[in-house]
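Novice: Top line first, the protein sequences correspond to chains A and B. Position one of the first sequence corresponds to residue 728 (this note's numbering), numbered consecutively onward. Position one of the second sequence corresponds to residue 728 (this note's numbering), numbered consecutively onward.
Please note that a few of the clues may not be correct.
Identical copies go unnamed one by one, so any copy, or any two together, can satisfy a pair.
Said to hold, decoys possible - With a Cα cut of at most 30 Å, we get these calculated BS3-like pairs of lysine-lysine:
id: 1; residue 1: Lys-956; residue 2: Lys-1014
id: 2; residue 1: Lys-1016; residue 2: Lys-780
id: 3; residue 1: Lys-979; residue 2: Lys-1010
id: 4; residue 1: Lys-1014; residue 2: Lys-780
Just so you know, these hints were derived from the structure itself, not from any lab.
Each chain, letter by letter, is given below.
2 protein chains.
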Amino acid sequence: MASAPKGNAVVGQSGGPTGVINASLVGVIEEAKKHPEIQAVYGAVHAVAGMVKDEFIDLGKLSASTLETVAASPSSALGTSRDKPDTEYCRRILEVFKKRNIRYFFYIGGNDSANTAYIVNSVAEEAGYDLRAFHVPKTVDNDLLVTDHCPGYGTAARFVACALMGDDLDNRALPGVKIDVIMGRHAGFLTAAAALGKKKDDDGPHLLYFPERPVSIGKFLSEVEAVYKKLNRCVVAVSEGMCDADGETWAKKIAQDAEKDPHGNIQLSGTGALADFLAAQVKNNLKIKRVRADTFGYLQRSFAGLQSAVDVDEARRCGRQAVLYAMQEDNGSVAMKRLGNGKKYGVELFRTELKNVAEHTKSMPAEFLNADGNGVTPAFVEYALPLTGELPKTEYLGGYPKI
Amino acid sequence: MASAPKGNAVVGQSGGPTGVINASLVGVIEEAKKHPEIQAVYGAVHAVAGMVKDEFIDLGKLSASTLETVAASPSSALGTSRDKPDTEYCRRILEVFKKRNIRYFFYIGGNDSANTAYIVNSVAEEAGYDLRAFHVPKTVDNDLLVTDHCPGYGTAARFVACALMGDDLDNRALPGVKIDVIMGRHAGFLTAAAALGKKKDDDGPHLLYFPERPVSIGKFLSEVEAVYKKLNRCVVAVSEGMCDADGETWAKKIAQDAEKDPHGNIQLSGTGALADFLAAQVKNNLKIKRVRADTFGYLQRSFAGLQSAVDVDEARRCGRQAVLYAMQEDNGSVAMKRLGNGKKYGVELFRTELKNVAEHTKSMPAEFLNADGNGVTPAFVEYALPLTGELPKTEYLGGYPKI
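Pulled out of the complex, with its shape left as it was, chain A reads as follows:
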């Protein structure tokens, strides 16, 4: 292994924002400043889009207090991009890197970002340019391979768990059917987090639907009806990627119907459409009067002042660790391994190949889903609860014995 090159570093944030992607950014900055091999630390404004346009800011000059505020802020402080660079795009990035003598590239994001780091690394190798390209994991969906879990998930999961705890109390107070649509196009981890605050047998959410378990409207309705008959209420958590029995998402099916609609200007593929569609199905088919639906939208990924302490800490560690690896290795992705059984919750970090993270994503393992596919198992709760931090205690009195 050649010694670490002397030059500048760039860090970027890619894909959807999260509640702790800025903690990873600060981790990269604070560690990079410790290593004399790294001269300036540039921030790429709007990720790869800023890299090709040569738009950088100087992160090395930020005060310690600014860095702490950044680490506590949701969203992506450098701006982000949905661009998916191909080889040609990455060659243009490399030109900018050469011009600025950038020798370290840290990219915080999901599997597409790992893939970008991989391609940039490949074009640099081809060009004989000594570059160290590292990926730092980030996603609210928790769908990255190799790592036990992703920074960003714990904070979003905390939001969803607290939301459902409150919403279940609201539904006890004013009974009816309540449907909550939660992020997760292909993986149900975040929707599963809706169950983390459940304590009593009749606590909601009573039903959960995941992209991993397609369900017909008929099955969905009969399950809602069964809960409603038993409890006189029903709280349902639904992944935005919930699929019909044929495996196609309901979101897509509703959008197709809308295109056929001659009235035109009411968009049904908007954010609230799946929730409203499911609520209408319940209302019209089950003749239940009080049916409400909420779509959590961006609140679950960018809410100011709500972070999981464990998640922030791990996100920051992952950022720092990427820099440490870059002092010794050419490229890679930072991953987390959970400490073994019997130990207090914790993780150790390790390096994995960019390709291992870049190519595919992860779904919820079968052992986290109940047999009916409409709930989670204790194994999931054991997995996820340490990541959210302790949840608030709540109490409902209406079920206490009457006098």
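Starting from the structure of chain A, add chain B where the hints point.
Specialist: Same frame as chain A, now just chain B:
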């Protein structure tokens, strides 16, 4: 004034839940237990609906730690009801009160609840039954008369302010038009709270729309377009009670269109409909590609673990004070007066007549709205910011000087 009667007390929670209505409940319970005139403290399960059905639980037996958990829990711990009792309904309540020797009636809720307390008090007077009926204010809408502000508003306002702070950062990171629909059918106070986290000139929300200021779609679109042209993004906060220029709510207009739709089974009067309608208007008319809309729904009134400390404290004090007034007066509603200028923020409580609170509701005063009707004034921020408690500090780096 006759001395306080000896008998039992009942407390109920009415209307929509809030984040601190349980703190008021605990305030009533803890104060009631101090007064020997009050024997048992009953909780009416599901408000007036439980009273007529004689469904009560014994609140005097709850442990101190349970009471603290209740006070910290969102939603209405006793359950609530949307019933609006008339005189006949209240006579049935009185029969139950007589049977149980209930001499103290504490009702936590909005103006309808004050009206219920008023009617129950009237039928008791008619019947020559010595009852003390008190109303404790509660609403996220902040629309009660007489009181400076309502318990429940500060916590909901804190949620909305934090949500918009995060959402504005999200919109900086991934620019486009973002529309957030916020509770408030007739009063814009909660939507106005969306602006409380603004620090820099270009911080969002850039436009706010209130029930108090009707706006045509044409004006709405031209204002969004102007902001978008200037900033390349635009964050909009909209009251669910936003009205067209003719004063009718957009929510109602959309629902009417939906009824004419021959396709039938897609409900447009659901929670996401207004947000999706506005997003479609922007997308189709302004040809802006990235347009997103969220409806905050029940999260803003029932989110576990998020309370304004000031709001909790005031809610509990209002509950306690209702009991203290009941020892001296026949009936009334608890209200808050803000301490005079130059003093640190605080309130003193006072008693007002039930009728003063029961009959009408309050809109945002003109001095809280800017001249264009699409933003708030410093006077509003001065009014509302003490109620939410200190907001989180956040930082966005993307606008820092390029190097």
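Novice: With reference to the structure, classify each hint as holding or not holding.
Specialist: Now for the hints, and whether the structure bears them out:
| no. | hint | result |
| --- | --- | --- |
| 1 | Lys-956 / Lys-1014 | within (12 Å within a copy, 47 Å between copies) |
| 2 | Lys-1016 / Lys-780 | between (55 Å within a copy, 21 Å between copies) |
| 3 | Lys-979 / Lys-1010 | both (21 Å within a copy, 19 Å between copies) |
| 4 | Lys-1014 / Lys-780 | between (57 Å within a copy, 25 Å between copies) |
Every hint from the earlier list agrees with this structure, and none is contradicted.
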